[in-house]
Amino acid sequence: MKFLMLVTLDPSRDATDDDLTGTLDVEDWVAKYDSAGVRLMGNQVRMAADATSVTRRKGELLVTDGPYAESREWIVGFDVLECADLDEAIKVASEHPMAVGGRLELRPFVED
Amino acid sequence: MRSDEQVHEALAQAMAAERLRIVASLIRTTRDWDLAEDAVADAAERALLTWPRDGVPRNPAAWLTTTATRRALDVIRRSGTERAKLAELGAQQEIDEQGGEERVDIGALTDDRLRLVFTCCHPALSMEARVALTLKVVAGLSTAQVARMFLVPEATMGQRLLRAKKRVANAGIPYKVPEPADLTERVDGVLAVVYLVFTQGYAGGAQPGLAAEAIRLGRLLVDLMPDEDEVTALLALMLAQHARRHARLVDGELVTLEHQDRSLWDRAEVDEALALTMPYGRVPGPYRLQAELALTHLRARDAADTDWRRIVRLYERLLDLHPSPVVSLNRAVAVGMAEGPAAGLLLLDDLAGHPALQGLHLLPAARADLLARAGRTDEAVAELDRATALAPTEEERRQLARRRTELS
Numbered sequence: 001m002k003f004l005m006l007v008t009l010d011p012s013r014d015a016t017d018d019d020l021t022g023t024l025d026v027e028d029w030v031a032k033y034d035s036a037g038v039r040l041m042g043n044q045v046r047m048a049a050d051a052t053s054v055t056r057r058k059g060e061l062l063v064t065d066g067p068y069a070e071s072r073e074w075i076v077g078f079d080v081l082e083c084a085d086l087d088e089a090i091k092v093a094s095e096h097p098m099a100v101g102g103r104l105e106l107r108p109f110v111e112d
Numbered sequence: 001m002r003s004d005e006q007v008h009e010a011l012a013q014a015m016a017a018e019r020l021r022i023v024a025s026l027i028r029t030t031r032d033w034d035l036a037e038d039a040v041a042d043a044a045e046r047a048l049l050t051w052p053r054d055g056v057p058r059n060p061a062a063w064l065t066t067t068a069t070r071r072a073l074d075v076i077r078r079s080g081t082e083r084a085k086l087a088e089l090g091a092q093q094e095i096d097e098q099g100g101e102e103r104v105d106i107g108a109l110t111d112d113r114l115r116l117v118f119t120c121c122h123p124a125l126s127m128e129a130r131v132a133l134t135l136k137v138v139a140g141l142s143t144a145q146v147a148r149m150f151l152v153p154e155a156t157m158g159q160r161l162l163r164a165k166k167r168v169a170n171a172g173i174p175y176k177v178p179e180p181a182d183l184t185e186r187v188d189g190v191l192a193v194v195y196l197v198f199t200q201g202y203a204g205g206a207q208p209g210l211a212a213e214a215i216r217l218g219r220l221l222v223d224l225m226p227d228e229d230e231v232t233a234l235l236a237l238m239l240a241q242h243a244r245r246h247a248r249l250v251d252g253e254l255v256t257l258e259h260q261d262r263s264l265w266d267r268a269e270v271d272e273a274l275a276l277t278m279p280y281g282r283v284p285g286p287y288r289l290q291a292e293l294a295l296t297h298l299r300a301r302d303a304a305d306t307d308w309r310r311i312v313r314l315y316e317r318l319l320d321l322h323p324s325p326v327v328s329l330n331r332a333v334a335v336g337m338a339e340g341p342a343a344g345l346l347l348l349d350d351l352a353g354h355p356a357l358q359g360l361h362l363l364p365a366a367r368a369d370l371l372a373r374a375g376r377t378d379e380a381v382a383e384l385d386r387a388t389a390l391a392p393t394e395e396e397r398r399q400l401a402r403r404r405t406e407l408s
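Here the protein sequences line up with chains A and B, keeping their order. Using my numbering, the letters of the first sequence correspond one by one to residues 1 to 112. Using my numbering, the letters of the second sequence correspond one by one to residues 1 to 408.
Hints may contain errors.
As the list claims (entries may be wrong) - Partial list, computed: chain A residues near chain B (C-beta under 10 Å): (1) Phe3; (2) Leu6; (3) Cys83; (4) Ala84; (5) Asp85; (6) Asp87; (7) Glu88; (8) Ala89; (9) Ile90; (10) Lys91; (11) Leu104; (12) Leu106; (13) Pro108.
Source of the hints: derived by calculation from the structure; they are not laboratory data. Note that beta-carbon positions come from the ideal geometry of N, C-alpha and C, so glycine has one too.
Could you put the whole structure together from the sequences, leaning on the hints where they help?
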């Protein structure tokens, strides 16, 4: 099954004291799971200040700067993972360096 | 015995022995939790209709398995979706493997029950959902029974179970026994669910049925994982506490371990707990250490006969694994019993400023106990007043007040 993994940063969090044992450098993580066929795609995205929100209400297009909602955590990247199940996705996510510095959110694709 | 009594008896026995196995294997083949539970309930209903007429089958458990599996197949066939057809293949295979009603082997599907246990206790579910699913699907209680135990309306519990089952399906929670690398952690997760059920049932004012259900679950887990000592230890711990229930609460009054009438302890449960020892050469985990603490008390003829030095050592090993101010406090009291109250009071002084103990009755109650043993009655009474003001339940307040009357 496919998972969207949202990579988020909590700007109020200070991760300098964290124990990084068992997490890979992000380049190593990408290389490991690209070659394993687990990571289908992914990228960093620019910070919330560079976001644009688009809505259409009663035929009227509204374009605003900034993210959709004020959120304590900022989305800084995403990956699409192909995993057997949630347990495998959790293991893959747990090795990402942002599991320590930020937070990873796993969203399963809706599949028929 | 009348024949319909025989039917009920045979059905109850077969359901107790086989329900979980059948539900667990049907969940694996159909991926449909409600269908699996409904098919078993349906088979039991059918037994009540046909067994009085045709006689109890030679192997009632196998009859239930086959009838429930066929029932599930019927439902799947009528639903006719693509996913259902895949499930049908698995379910049909299940019937073929059983060899119809002649199935006697019960060992091969043991894994399905474990799969179900680990899925119900998956860390991606909320604790509330884990407890509800475990009691409903593993223990086999009705939604109404689970609702009563947690004092919520049946509809609320029904919703909670529905959401939990949906989440299992949608979040990608697998139906499997965890990988060896994750096993210890995941077993701990299962034990935490069972022990939570137990303590909910054991605490004052809660539902005593929960403690019994937790012990039943504990026995099942020991059957499924006989080599995991923490599993055995949790059962021993629960039995050791449960065995004292009639001595602990007498006419609604809480009685401390020291003053309990030990003849009121449940002998069968004491003996069962004492037999659940750790195999030689293992390193004790936290449940084993807690079980050994409880068993050390069970082995003593009376409070004075208790091996307090062993209890001190066990608390120290527990502290090595999980530093905790409450365990430190218990250790200080045990030191007070082993080496005299002054030594214990000295250790309690070190804990006086601990933030986690502020506002709790535990520290003044422990100080009162050791001060009384040291003959410092006035100070003990003052600490008891402090503890009584902070105690969280009426039973504990009354127990502390009684202690105060005895002293002054």
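Results of checking the hints against the structure:
A distance limit of 10 Å between C-beta atoms decides the matter here; for Phe3 (chain A) the minimum to chain B is near 7 Å, and the interface restraint holds. Checking Leu6 (chain A) against chain B: minimum C-beta separation of about 15 Å lies over 10 Å; hint violated. For the restraint placing Cys83 (chain A) at the interface with chain B, the shortest Cβ-Cβ distance is roughly 8 Å, inside the 10 Å limit, so the hint holds. Using the Cβ-Cβ criterion of 10 Å, the hint placing Ala84 (chain A) at the interface with chain B is satisfied: the shortest such distance is roughly 7 Å.
Interface hint status for Asp85 (chain A): upheld, as the beta-carbon distance to the closest one in chain B is roughly 4 Å, under 10 Å. Checking Asp87 (chain A) against chain B by beta carbon gives a least distance of about 5 Å; that is within 10 Å, so the hint holds. A hinted interface residue such as Glu88 (chain A) counts as satisfied when its beta carbon comes closer than 10 Å to some beta carbon of chain B; here the least separation is about 8 Å, so the hint holds. With its C-beta approaching chain B no nearer than about 7 Å, Ala89 (chain A) sits inside the 10 Å limit, and its interface hint holds.
A hinted interface residue such as Ile90 (chain A) counts as satisfied when its beta carbon comes closer than 10 Å to some beta carbon of chain B; here the least separation is about 8 Å, so the hint holds. A hinted interface residue such as Lys91 (chain A) counts as satisfied when its beta carbon comes closer than 10 Å to some beta carbon of chain B; here the least separation is about 8 Å, so the hint holds. At its closest, the beta carbon of Leu104 (chain A) sits 13 Å from a beta carbon of chain B; the interface hint therefore is violated under the 10 Å criterion. Hint status for Leu106 (chain A): holds, given a least beta-carbon distance of 8 Å to chain B, under 10 Å.
A distance limit of 10 Å between C-beta atoms decides the matter here; for Pro108 (chain A) the minimum to chain B is near 5 Å, and the interface restraint holds.
Violated hints, listed in ascending order, are 2 and 11; each of the other numbered hints is respected by the structure.
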